[in-house]
Amino acid sequence: NAGVTQTPKFQVLKTGQSMTLQCAQDMNHEYMSWYRQDPGMGLRLIHYSVGAGITDQGEVPNGYNVSRSTTEDFPLRLLSAAPSQTSVYFCASSPRDRVSNTGELFFGEGSRLTVL
Amino acid sequence: AQSVTQLGSHVSVSEGALVLLRCNYSSSVPPYLFWYVQYPNQGLQLLLKYTSAATLVKGINGFEAEFKKSETSFHLTKPSAHMSDAAEYFCAVSRTSGTYKYIFGTGTRLKVLA
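These protein sequences, in sequence, are chains H and P.
Under our numbering, the residue at position 29 of the first sequence is numbered 29, and the numbers go up by one with no gaps.
To get our numbering, take the position in the second sequence, counting from 1, and add 116.
These aren't lab readings, by the way, just hints derived from the structure by calculation.
Given the structure is predicted, the values throughout are model-derived calculations rather than measurements.
One should not assume that every hint holds.
Stated by the list, open to error - Calculated pairs, EDC-like style, for lysine to aspartate or glutamate (alpha carbon to alpha carbon, straight line, at most 20 angstroms):
no. : chain 1 : residue 1 : chain 2 : residue 2
1   : P       : Lys-217   : H       : Glu-104
2   : P       : Lys-217   : H       : Asp-56
3   : P       : Lys-217   : H       : Asp-38
4   : P       : Lys-217   : H       : Asp-73
5   : P       : Lys-217   : H       : Glu-30
Only chain H is shown next, with the shape it has when bound in the complex:
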């Protein structure tokens, strides 16, 4: 049972470099999202998607891009990495309930990114 798979688990970047965090889910979930987790700040929503071809911004979208070409994949791109983007990133998906939006979030194990 793969669930939500994130790669890589660890990454070190230099300031200005770009990279993509991969997220894939095999549960046919419509809803996918990216969060960053920082000490004392909980999880903050970066971007989310309610289906293939549809994305929207969360609380902290600056410096990140996403796309959703398939139901399964939702990559997060860092365009020009900055030290402020050092964080743990979580991808989460949900079987969206169209009426009530009460779907449980299923999380990946996280990707720890350090920007020097």
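Mind docking chain P on chain H? Use the hints.
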């Protein structure tokens, strides 16, 4: 706009004692509320959720939470703490006027003392 406030970033209890983790929310529409748990170096997993049915919600591992509209609260409790309960706990709210965003609190780290 929705928001969630968790009072107390760190809570310590003795093994066998009552666990009480506090969560207050603000929402312009009837909220859906969740508690998630995160063990070290893992992702989050759902403990329980409130979706406007029963106000007292029972979850996994003996946890429960009560939705109190008058107090805008959704506190998490467990009658008797176990060492394995040591983790970080997050309260979250979803359902914003037609959009679909989960907003999380800042988390409470629970320490269980032997």
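Cross-check of the supplied hints:
Annotation: proposed proximity of Lys-217 of chain P to Glu-104 of chain H holds, straight-line Cα distance about 12 angstroms (limit 20 angstroms). With a C-alpha separation of about 10 angstroms, the suggested pairing of Lys-217 of chain P with Asp-56 of chain H holds against the 20 angstroms cut-off. A threshold of 20 angstroms between alpha carbons decides the hint, and for Lys-217 of chain P with Asp-38 of chain H the separation of about 19 angstroms falls inside it, so the pair holds. Our distance criterion of 20 angstroms between C-alpha atoms is met by Lys-217 of chain P and Asp-73 of chain H, whose separation comes to about 19 angstroms.
Annotation: proposed proximity of Lys-217 of chain P to Glu-30 of chain H holds, straight-line Cα distance about 13 angstroms (limit 20 angstroms).
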